[in-house]
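K.L.:
Chain by chain, the residues:
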Amino acid sequence: MNELFRAMQVEVFKLRRTLALWSSLLVPAVVIAMTMAVNLSRSQGTEFVLDHPNGWDTLMLDQTLVLWCFVLLPLFIALEAALLAGLEHRENTWKQMFALPVRRWTIYVSKLTVGMALVCLSSLVLAAGTAFQGWLLVKFRPDLGVTYPIPWDLILLRNFGFVPVVLLLFAVQLWVAIHWRSFTEPMTVGIAGTLIGITLLRTLKNSVSSPAGPLMASLFPWSLPYIMIAPISNSTLPEATTGLRETALIVGVLGGLFVSALGCWETLRRDVS
Amino acid sequence: MFSMAIADFEQTVTQDAAIAVSSLTRRFGEIRAVQNLSLSVPQRSVYAFLGPNGAGKTTTIRMLLGLMRPDCGDVRIFGELMNRSNRLCLLGRIGSMVEGPSLYPHLTAYENLQVTQKLISLKPFEIDRVVAITRLENDAHRLVKTYSQGMRQRLGLALALLARPDLLILDEPTNGLDPAGITEMRELIRRLPEECGVTVFLSSHLLSEVEQIATHVGIIGCGQLLFEGTLAAFQQRSGNRVVIETDSPAIAGEILRQGGWNPLSLGDSALRIEFPNQASVASAVEMLVTAGAKIYQVRTEQPSLENLFLDLTNASSFGSHVQQEVLHE
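If you read the protein sequences in the order shown, they are chains A and B. Counted the way the numbering used here counts, the first sequence spans residues 1172 to 1444. Counted the way the numbering used here counts, the second sequence spans residues 63 to 391.
Honestly, the hints are just simulated from the structure, not real lab data. Certain hints may be false.
Said to hold, decoys possible - Not everything, but these chain A residues come out facing chain B in the computed CB check (under 7 angstroms):
no.	residue
1	1176
2	1177
3	1181
4	1190
5	1208
6	1209
7	1212
8	1213
9	1233
10	1263
11	1264
12	1275
13	1322
14	1324
Where a beta carbon is used, it is the ideal one built from N, C-alpha and C, also for glycine.
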């Protein structure tokens, strides 16, 4: 356990001056900045609070988190996994690390853990950014219906609620990024997965015409984060969408553990060239 | 009784060796990168593992470090068989640099050393020690991406020395260095057995780079060991190489071939022959004179170590008889 802890410490240490660290701060910050710019420049009287009980949920579920979970998070994870693996691929430091008296699986698990920690960090930036944006809207745009006090528990629940299902997506992307040395493969997989995910997620609203779509979305790693925040409990949506969130949670967590175990196993067995 | 004595002797040799490899084989598809390789590296020696590019040096080193699994054969480090259960324990006694230093360019040299120091839980002062050994004190806090190739090699060596290893495995440590860098690296490696008590196993494709520091050499060609022994023993291999100048090398060559020797023609006037001993030289000359050949000159040839090395490795590349018999001296 000490060995794993040390490996994680070193993984964090290696993030100094890297894009991997900066992107987990900047990408969610850009999401906040974009939505803030849109909201502050809305014309007076625009209907802001739609089908949510308060403006905070509208801010998150119709704006920041939709943008984040639908498109940017899957791409962000592909980028993070590629950057974390790229740290070692760049000068083939795998051979240096694997020739040290350190268990190989600890190196793999530490990369996975630090990657998930970066996802949590991005969620934290989103949560803080949401609170800040809400505070600005209360102050400068009271007409939009965002009110005090800041609902921290709701903000944290919404921004961290999808993180467990990210495990599967991160494990898949990390496996691809470690397996292939080039940056191209993980990014291609990430972009392709995101596009397929978007297509599957669009079936949520048309599940009468394509009933298998929502189920496939709940099994597809790139769709899982959005399912966790999508308004599928809404009574206007058809029955095919019930239980999707539970399915996504099970698939995301158990699938993530399974793929991580496979990745560890492959790391143990692989020859270092 | 005799076989038991041999077994005891072999066991003693194996236990005394820093590295003992037996019957190591590794294929990549149809290509045999390393075939039935056996070698023994004495403790506290500087063992140069030589061979042309593609001879199987790096593949052997990867198998020594457990980075690659052999198809068959085994590796013993300080007498202990390297296997899954004790691999980590043995790696704790080895410092290595494989195919050049593996560094994080976005970190400083000091931070690169900290990565390994933290990972294997060493005391922080070990960093200062290896920085001093490799004379990187003035540049330790500079980003590695600004380093020259020579400084990168020194940092790679510092990383290899960080855990105070008993065995240092360096793959082409002078690769990419200018003459001054090669001299500096050579001096650094030369000091290590005395100052740090380590056994050094280093690979190179140039004998001239290591002949001043190596105590032992192992020569590999096409994945097979061609020679293993001390540098002096390697040099002695040229002891009975004789050049005979004659009026008709073709006829003289035929006569010598009938006598059981294997002469090599050196142009229109000379032959080169490897004789097993001095008496054979006299017999060959007598045979030529009796047959009526005119002998103008008989002289021994003392090739440079580099030429010996090239002869051995070229012969192996062209499938000559030389490599069929591994020479342990």
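K.L.:
Does each hint fit the structure? Answer for all of them.
P.N.:
Results of checking the hints against the structure:
1. 1176: violated, 10 angstroms
2. 1177: holds, 6 angstroms
3. 1181: Holds. Min distance 5 angstroms.
4. 1190: Residue 1190 of chain A check fails; min Cβ-Cβ to chain B is 9 angstroms, beyond 7 angstroms.
5. 1208: violated, 32 angstroms
6. 1209: Since the shortest Cβ distance to chain B is 36 angstroms, the answer is violated.
7. 1212: violated, 39 angstroms
8. 1213: violated, 42 angstroms
9. 1233: violated, 39 angstroms
10. 1263: holds, 6 angstroms
11. 1264: With a closest approach of 4 angstroms, the residue 1264 of chain A hint holds.
12. 1275: Cβ of residue 1275 of chain A sits 10 angstroms from chain B, so the hint is violated.
13. 1322: violated, 40 angstroms
14. 1324: Violated: closest Cβ of chain B sits about 37 angstroms from residue 1324 of chain A, beyond 7 angstroms.
Violation of the numbered hints given earlier is confined to hints 1, 4, 5, 6, 7, 8, 9, 12, 13 and 14; the remaining hints are satisfied by the structure.
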